[in-house]
Amino acid sequence: MRTPVAAVEGLFTLDVDEPRLIGGRARGRGSYFFPKSLAGSDPACLGDEIEEVLLSRTGRLWSFTTGEYAPPAPYVIPGDEFEPYVIAAVRLEEESLVVLGQVVPGVSVDELSVGMEMELAIDVLYSDDEHDYLVWKWAPAGHGENGEG
Amino acid sequence: MDDIAILGAGMHPWGKWGRNFVEYGEKAARDALADAEVGWDEIQFVSGANSVRCGYPGYVSASTFANALGFTGCQLASSYAACASGATALSIARAQILSGMCDVALVVGAESTPKGFFAPNAGERHEDPDWLRFHLVGATNPTYFALYARRRMELYGDTSEDFAAVKVKNSRHGVFNPNARYTKEYDADDIANSPMVADPLRLLEICATSDGGAALVVSSLEWAASRGVDNPVRVSGISTVSPTYPNSVIELPYLASDSWAAAGDETMTFKDNIAGRAYEEAAVSPEDLDFAEVYDLSSAYELDWYEHIGLCERGDAAKLLRAGDTALGGRIPVNPSGGLGAFGEAVPAQAIAQVCEMVWQLRGEAGHRQVEGARVGLSINHGMFGHGSSVICTR
Numbered sequence: 001m002r003t004p005v006a007a008v009e010g011l012f013t014l015d016v017d018e019p020r021l022i023g024g025r026a027r028g029r030g031s032y033f034f035p036k037s038l039a040g041s042d043p044a045c046l047g048d049e050i051e052e053v054l055l056s057r058t059g060r061l062w063s064f065t066t067g068e069y070a071p072p073a074p075y076v077i078p079g080d081e082f083e084p085y086v087i088a089a090v091r092l093e094e095e096s097l098v099v100l101g102q103v104v105p106g107v108s109v110d111e112l113s114v115g116m117e118m119e120l121a122i123d124v125l126y127s128d129d130e131h132d133y134l135v136w137k138w139a140p141a142g143h144g145e146n147g148e149g
Numbered sequence: 001m002d003d004i005a006i007l008g009a010g011m012h013p014w015g016k017w018g019r020n021f022v023e024y025g026e027k028a029a030r031d032a033l034a035d036a037e038v039g040w041d042e043i044q045f046v047s048g049a050n051s052v053r054c055g056y057p058g059y060v061s062a063s064t065f066a067n068a069l070g071f072t073g074c075q076l077a078s079s080y081a082a083c084a085s086g087a088t089a090l091s092i093a094r095a096q097i098l099s100g101m102c103d104v105a106l107v108v109g110a111e112s113t114p115k116g117f118f119a120p121n122a123g124e125r126h127e128d129p130d131w132l133r134f135h136l137v138g139a140t141n142p143t144y145f146a147l148y149a150r151r152r153m154e155l156y157g158d159t160s161e162d163f164a165a166v167k168v169k170n171s172r173h174g175v176f177n178p179n180a181r182y183t184k185e186y187d188a189d190d191i192a193n194s195p196m197v198a199d200p201l202r203l204l205e206i207c208a209t210s211d212g213g214a215a216l217v218v219s220s221l222e223w224a225a226s227r228g229v230d231n232p233v234r235v236s237g238i239s240t241v242s243p244t245y246p247n248s249v250i251e252l253p254y255l256a257s258d259s260w261a262a263a264g265d266e267t268m269t270f271k272d273n274i275a276g277r278a279y280e281e282a283a284v285s286p287e288d289l290d291f292a293e294v295y296d297l298s299s300a301y302e303l304d305w306y307e308h309i310g311l312c313e314r315g316d317a318a319k320l321l322r323a324g325d326t327a328l329g330g331r332i333p334v335n336p337s338g339g340l341g342a343f344g345e346a347v348p349a350q351a352i353a354q355v356c357e358m359v360w361q362l363r364g365e366a367g368h369r370q371v372e373g374a375r376v377g378l379s380i381n382h383g384m385f386g387h388g389s390s391v392i393c394t395r
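Protein chains in written order, with my numbering: chain A, 1 to 149; chain B, 1 to 395.
Just so you know, not all the hints are guaranteed correct.
Covered stretches of chain B (chain A as the covering partner; in silico rule of three or more C-beta atoms under 8 Å from a C-beta of chain A) [to be verified]:
#1 13-26
#2 130-140
#3 191-204
Pulled from the structure, derived: some chain B residues nowhere near chain A, Cβ distances all over 10 Å [said to hold, decoys possible]:
#4 Val52
#5 Tyr56
#6 Leu69
#7 Gly70
#8 Ala95
#9 Gly116
#10 Asp187
#11 Asp230
#12 Asn231
#13 Asp272
#14 Asp290
#15 Gly367
What the hints contain is simulated information worked out from the structure, not anything from laboratory work.
All C-beta atoms, glycine included, are put in the ideal place defined by N, C-alpha and C.
Generate the whole structure from the sequences, applying the supplied hints.
Structural data, given as structure tokens:
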């Protein structure tokens with residue numbers, strides 16, 4: 001039995017049912033950042049306290065594409081052979097922020113269209129003998145209900 | 001802003017030669033010096049555009065190239081700004097000249113590239129966005145190009161055929177460029193039959209990684225005149241601006257866009273702001289351009305630039321393309337050199353190569369790819385993490 005751990009700590013919660021991205025918010029100004037460590041690009045935030053916030057877990061699809069060829073390290077190819085994947089950029093309404101992520105396996109580009117509602121999911125990025133390394137992914141809203149995911 | 005003169009331009013042909021990058025830079029520098037009829041021992045300042053893929057010599061490029069040409073005790077500066085490195089190196093040389101610190105300078109950049117996708121530096125760096133995007137998302141450079149291409153299709157009704165037509169156009173230009181890596185003329189079928197890399201972009205629509213080198217000899221107008229050059233090609237404007245917050249578009253290498261929750265709006269983008277500074281310095285407007293060299297990292301990306309540099313309104317780029325306006329012989333030829341589609345990208349050399357093309361165009365020496373009567377040209381690109389880069393040359 002492998003232990004699930006975040007592939008990189010501090011970027012998302014490990015709540016499998018309702019995962020959230022962990023971002024930053026300038027308390028006074030109201031700008032959001034993801035990841036939180038990149039706070040500062042808003043010059044009006046100088047001296048503002050950056051609080052840790054959980055970002056909206058749903059948004060609208062801004063754009064999408066595929067990765068048809070294996071990327072170089074530090075991408076880790078899960079399993080024995082590279083499988084192409086889909087990547088989504090999703091626009092979070094409240095935060096006015098567009099966030100990248102892979103799309104959960106089993107969803108093809110033919111099922112996607114700009115503007116459709118997407119929700120955050122947690123999936124295994126890669127594994128070794130002891131751990132499943134988890135990452136956030138995007139899924140069409142409602143995908144995985146009725147046990148299909 | 002005062003102008004400086006470009007006295008000479010030189011390049012090592014682009015390719016996948018697999019040799020030491022210093023050779024490419026030295027060849028380009030010697031050609032630029034010969035073109036300028038300036039001796040290496042006359043150069044007072046070397047401004048190098050760095051490479052991060054060629055080991056330590058790449059980080060100290062000015063010294064590396066000066067050593068290859070023979071140490072003369074001239075002053076040096078080495079700079080890195082990703083794809084904008086060449087324009088940054090030129091801007092440093094210009095500052096030296098306009099401040100009176102030197103009269104004549106050499107600007108040079110070169111790179112030898114590995115096969116395949118560009119990859120981040122080694123190591124495990126959880127706060128480096130370039131490392132995170134590869135590790136967590138598998139987002140390569142073409143991922144971002146493809147996201148922008150899909151946006152164009154969605155917002156403006158651009159088609160895969162439009163994108164392919166950019167590559168076809170640029171390949172027709174590249175046929176006439178002896179420094180280009182790809183001198184084959186492609187047609188729409190070639191592109192449609194090439195493998196999908198990042199939907200909707202296919203292999204032939206995505207910029208390759210190339211070896212190459214480019215160099216310029218630049219001087220004050222007074223020094224040029226003292227050498228009998230009274231009507232040189234001039235650098236009239238350079239932009240090296242950062243983005244202005246908020247940039248609503250996800251840029252390389254980030255995992256997210258800026259947030260426009262507190263200020264600005266969703267229409268604000270970095271690439272719209274880059275050319276402005278160069279236009280302002282040169283006191284020219286988009287209508288004054290005779291041609292442009294833009295960073296076609298993908299076929300669709302070239303269309304974005306038409307709008308960002310003001311050739312048309314946002315969303316209208318494909319109309320220009322379809323009308324033939326941006327092909328050689330058209331109203332405003334774009335990438336008469338063949339662009340990255342014909343060259344691939346040799347990062348620190350590429351922005352300098354764009355200026356080399358402007359030099360040859362403005363001198364009327366571009367042969368079969370000559371833009372008739374060219375007097376004003378603009379080049380533009382940007383380095384990832386937020387380095388703007390645009391140069392306007394006039395004659």
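Now the hints, each set against the structure:
Coverage of a stretch by a chain is defined here by at least three residues with a beta carbon nearer than 8 Å to that chain's beta carbons; for the region 13-26 of chain B and chain A the count is 0, and the condition is violated. With 10 residues having a Cβ less than 8 Å from any Cβ of chain A, the region 130-140 of chain B passes the three-residue criterion, so the hint holds. With 7 residues having a beta carbon nearer than 8 Å to a beta carbon of chain A, the region 191-204 of chain B meets the requirement of three or more and the stated coverage holds. With a cut of 10 Å on Cβ distances, Val52/B stays outside the contact zone with chain A, its closest approach being about 15 Å.
The Cβ of Tyr56/B lies farther than 10 Å from every Cβ of chain A, with a closest approach of about 22 Å, so its non-interface assignment holds. Taking the minimum C-beta to C-beta distance to chain A, about 34 Å, the non-interface status of Leu69/B holds against the 10 Å cut. Chain A leaves Gly70/B outside its interface by the beta-carbon criterion, the shortest separation being 38 Å against a cut-off of 10 Å. No Cβ of chain A comes within 10 Å of the Cβ of Ala95/B; the nearest lies about 24 Å off, and the non-interface call holds.
Non-interface call for Gly116/B relative to chain A: violated, since the shortest CB-CB distance, roughly 7 Å, does not exceed 10 Å. In this structure Asp187/B is separated from chain A by more than 10 Å, as the shortest Cβ-Cβ distance comes to about 23 Å. Residue-level check passed: Asp230/B sits 45 Å from the nearest beta carbon of chain A, beyond 10 Å. Here Asn231/B stays apart from chain A, with its beta-carbon at least about 43 Å from theirs, past the 10 Å limit.
For Asp272/B, the shortest C-beta to C-beta distance to chain A comes to about 17 Å, beyond the 10 Å cut-off, and the non-interface label holds. The claim that Asp290/B is not at the interface with chain A holds, since no C-beta of that chain comes within 10 Å of its own (minimum 34 Å). Against the 10 Å criterion, Gly367/B stays outside the reach of chain A, whose nearest CB is about 37 Å from its own CB.
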